[in-house]
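Novice: Please work from the sequences and hints to get the whole structure.
Chains as they are written, first to last, in this note's numbering: chain L, 1 to 351; chain F, 352 to 906; chain U, 907 to 1319.
Among the hints, a few may not be true.
To be verified - In silico EDC-like cross-links for lysine to aspartate or glutamate, where the CA-CA straight-line distance does not exceed 20 Å:
#	chain 1	residue 1	chain 2	residue 2
1	U	Lys988	L	Glu295
2	L	Lys201	F	Asp868
3	F	Lys812	F	Asp801
4	F	Lys397	F	Glu455
Read the hints as simulated data drawn from the structure, not as lab findings.
A quick note: this is a predicted structure, and the numbers were derived from the prediction, not measured.
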Amino acid sequence: MLRRTFLGLLGAAGMGAALSKSALAAGTQHFTGHPGSFGVLFDATRCIGCRRCEAGCNQVNGLPSPAKPFDDLSVLDVKRRTDAKTYTIVNRYDKIPGAAGPVFRKFQCNHCLEPACASACFVRAFSKTAQGAVTWDGSVCVGCRYCMIACPFEVPTFEYNEPLTPRIMKCTMCYPQIMSGQLMVPGCVGACPTEALVYGKRDRLITAARERIYKDSGRYLDYIYGEHEMGGTSWLYLSGVPFKALGMREDLGVTPAPELTSGALASVPIVAGLWPVLLIGIYAVNKRKDKIAREERLQAVAEALTKAHADTEHKLERAKTKAEADQKAAIEKAVKNALEEAAKAETQEGD
Amino acid sequence: MVKGRSLLRWAGILLVCVSVSFVCIEAQGEKEPVKAPESGRPDRIKIDTLAAFGELELPPVTFFHDKHTDVLLKEKKSCETCHAVKDHKLSLAFKGTNAAKPAEIKDIYHASCIGCHNEMAAAGKATGPPDGFCRSCHNAKPTLATARLDVGLNKVLHFRHVESKNIPATAVDKNNCGVCHHDYDKKTKKTFYAKGKEESCRACHGDKPKSGEMSLEQAAHQQCVVCHLNLAQKGVKETGPYVCAGCHGAAGLALVAKKNQEVAAKLPNQDALRIKRGQPDAALITYNPKDESGKAAKPLLMNPVAFDHKAHEKYNDNCRVCHHAGIESCDKCHTLLGTKAGKFVTFEQSMHLKTSQQSCAGCHAAKQAAPNCAGCHNRMVKTGRPDEATCRQCHVPLPDGFGALGGNLAATPQQKAGVAEIMLKSRNLNPGTYAASDIPETVKIKDLTDKYEPAEFSHRKIVQSLTQGMKDSLLAGYFHRDPGTMCQGCHHNSPASKNPPNCSACHGKNFDAKHPDRPGLQAAFHGQCNDCHKDMGLKQLAATNCTDCHKEKQK
Amino acid sequence: MSTDNPAVKKSLYTPFNIMVGLIFLVGAVITALRFTKGLGAVTNLSDNNPWGIWISFDLLCGVALAAGGYTTSAACYVFGLKRYHSAVRPAILTAFLGYSLVGFALLYDVGRPWRLPYPFIVQSGPSSVLFEVGLCVMLYLNVLFIEWSPAALEWLGVKWQGLKKVRTVIVKMTLGLTIFGVILSTMHQSSLGALYLIAPSKLHPLWYSSYLPVYFFVSSIAAGLSMVIFEGTLSHHYLHDKMDATYLSEHDGVTMGFAKGAALVLAGYFLIKVVGITMDNNWHYLATKWGAWFLVELLGFVALPCFLYAMAVREKNLLMARVASVITVLGIVLNRFNVSLVAFNWQLAPADRYFPSWMEIAISLYIVTLGVSIFWFISSRMPIFYEHPQFKEHETAEFHEHKLKKHPQSFGH
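Specialist: The following block contains the structure:
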């Protein structure tokens, strides 16, 4: 084996080994959130639907005043969703089998551990902070709204009525206010009168939720929503009725959103690496094929010409020989005739 | 431009595509179709006799029994039109189909049913489907549902039967128990009356028939309906129902309930309603293990519990609520370690399992869910091991002079009952309460005032109304006999005292993650007060009506 | 509709021109509305439905139907099928205009269009499939521009000689550009499908598959081949007098050859779609109404044109091939619409579903009209359907036939 080939193979094997090792490692890794990151636990059995959280959020974030005031509970007669002026809303769910009365649920960004919006944004406008909140950076957002497609919880909202500077609006878990020390807990958490919302370290909240379930088993469903959904969210939910009855999807699975597209993205460099080889290969093969065809054609033409030439030569030779023979025979015949004539003449004179 | 005909062709194809798309995209508008409410009848029976012999060719027949008995009544025909009589007993099977061969059964039904229909039709009367309309009877999806309500015998109904002159006493004694209650000898295949061993029907008769035993349905109909029918035929005016709707229909049951109420109201006291089976008034619940040879062995247990059997009979409709498998001692099946017969429920579990209706603690826990109680009791932790003080409520030490009677192997049941009676007599069954002067009349909660004025509430009135709510319940009275106990409903997680601690003694302003089940002070107030109001059904004190409890601060 | 004959005085106000003018006018008005009142005033987009027909049609369908560029140039230059050479320039022009208009449509749809270059110059989000789409489309647009530029340079080079040198250089790069174009096209065609991988909970299981990128890529090949046939048919009718003998003589061969290719690709596409259902065990969905719609798309717009193409090749029936090309193009449009609009958000209540507003449809129509108008403008002036007489021999280095070595014994020259 040639030295160069050997070294090349060695290099390839080493690369392959290195690549496969890291791929294996990636397969067994699982992100459980930045250590010490914060979250919020929502307890649907404590929520009384008073909408103080909405009011608190509105006030802390300086959002515009709504059409109907926050203490108007008739607003709960219709199911709402967040919009560009509202980071969070409470919905009321009536006539759930097994529930004594209406059950309420607060809807806002769930601050996923591996956010779909952050994965989807092509200018990295979203970031999952170490504190736990998922924040949006308006200085780079292009307004493509792919984050809204990607979010499985349908959270981000868009200022469709802004012609030139539309923003994506969503709950920030009061990240700027908490980081600057203005608030200790998010606005909604601080406003809740029944502690249906509790703010703390996510790990601790999960333990706390489990303790609540254990201590009062008849009150809660033995499930913490958000513990594993889409890879885990920072906003956790406890409920006494099935989450589906509260308008929360139970079929989202546990795969984090970035894993859903990482396979397709990983194939891009492979295409970039292999397609040139493939295409140049096809081109080269075709070119060679054409060249060989051309040469064979020329070869065939040349052979045909040579053959024709040889045939002609042969015919010429034969004709020449025949002509010479004919000439010779003719001469002989003429001589013979002349001699016969002379002999005849002599015989006639002798008489 | 494209020629006219091909334009038409393309337009046609486009039209087809559009129509298809409308049909298919209509998929997004699919919702559950609203089902019209169906009225039901209690007399709907499914005739599937042949199902015991293999798969049915046609769906079972939907048969409305009362419809037919009504017609028979009008036609002045008796039940014997369809049901054979053997030994003065009406057979519940239709014309002997219970003894016929499978091949004959179909013919019996068809000949009788369709034959009768044809006769009626010939006489010009309204009747069921004639021959050829197979699916009218063999209807897989009948429009009328079954609305058959369950029937049971409660104490009052039992009493009415016991006192009924129409049910004569048996030869054994002056009671008529033996008319209904029987035992079954498997060898002679006959029923007989075993006095003192009367059980509920369900002790032997289950939902499905077993070899030698009828199902409960068959047994009940045979015993009850046939008797009622015979009495009616004899001319007795007031007898039990013998048409389906009479027992299984809402109207019929309401009638029975009304009559029960009238009878019960006329009684001087409720003791007459007691089902007499020689049971004790009081009992000492002990565990009586046996050793390998079958001799009584020494138990090593908690103090035995004095049990007021008579009082508990008052609270329940029948014996089966506790004696669920049969009237026996619990420890026959529920041994200390559990047996297969007892479904491996141990003795301790059979007394204490909070999720069971048969166990003592379970039934008591269920009573705590009543609105009068739920306000406090729903707030209490239900899982985990209760502390010893709770155990001592029932496992009271035996009175002086009786030693470890439970361990006294020689104690007879009568002796034990006697001890129990003494212990029960000394029980205080009245809810304890402090003197009114010791209870603050109003309490002003000043902590945390921010947007609202301090909350002032009538503390004494609430305490008194809660105490009042316990007056009808001996259970509540006994368990709340100490005056400080009821206060612990709100002043929880602290020893019972005349001066219980303030809420802010333990509940800080903010939620403390180290104590995840201890809310912050605001949520503690709101949770305790509002959830109690909700659980007690006080709808006028809604949690969202903030100003009901505290006025808004004027700026 | 030629403007060759100056002697005939033609009125500018033909019915066609009036219609086009009207569309442009309406388009201009709606454009002004969009940039003064915002997207909410012009579209029916909502927080639940952030992408509408400007993405579904102008972006997804536009990119898919512009695939003729890379398929034709690959066929001719990489696979060496020189008999398709005359179809390359029209296909490249279509692709170039298609991608340009995709970018143009994005200026309407995106919230801050001037920030579109941000992912490349300010801050990039490489975890995003959209980033990859954007990068590849941007690069490919440049490639297409360069591939198209010889036609423009030939047209302009009549006046300015320096451009001839530029043109020569570009022509020498053809193979490299073609290969680069195929790579970029593979990446972004498949990534447009990969966009929807991130939302499995929003897309109906019959259309959601981890094979979405492959589906989009393979169907784009079929779309490209069919668009070349379809546009060739239209151009043949309306721009016939711009076509030279080479083009006309090769035209039918292009149709037949591409029909053969499209039949094969559609058969493969059908097969992998069935594979997709099998892998996810989604057969039971076929029995629902959504399943019926899926079968309409799969059987009526993939299997049927595949069969028609195969028949057309066998019977040498050009009309059947053209019909098949129209059905295929409609099928690709239908598929893109299904994935992005119809089967997307299928679980929402009917009241929350999206239907485009008339203004959105008007803008899409305006963009298509713009494309057609520019195509007509360019192809009636620049050497797209014919070879410029000055540059006939110097097409590419490949085709220098007369530079062959002479046989020593050959007669003649």
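Novice: Does the alpha-carbon distance linking F:Lys397 and F:Glu455 stay inside the 20 Å limit?
Specialist: holds (19 Å)
Novice: For F:Lys812 and F:Asp801, compute the direct alpha-carbon distance and say whether it is at most 20 Å.
Specialist: Given that 20 Å is the threshold and the Cα spacing comes to 27 Å, the pair is violated.
Novice: Holds or violated: L:Lys201 and F:Asp868, Cα atoms, limit 20 Å.
Specialist: holds (15 Å)
Novice: Hinted pair, alpha-carbon criterion (20 Å max): U:Lys988, L:Glu295. Please report holds or violated.
Specialist: Holds, at about 18 Å.
The structure is inconsistent with hint 3 alone, although it conforms to all the rest.
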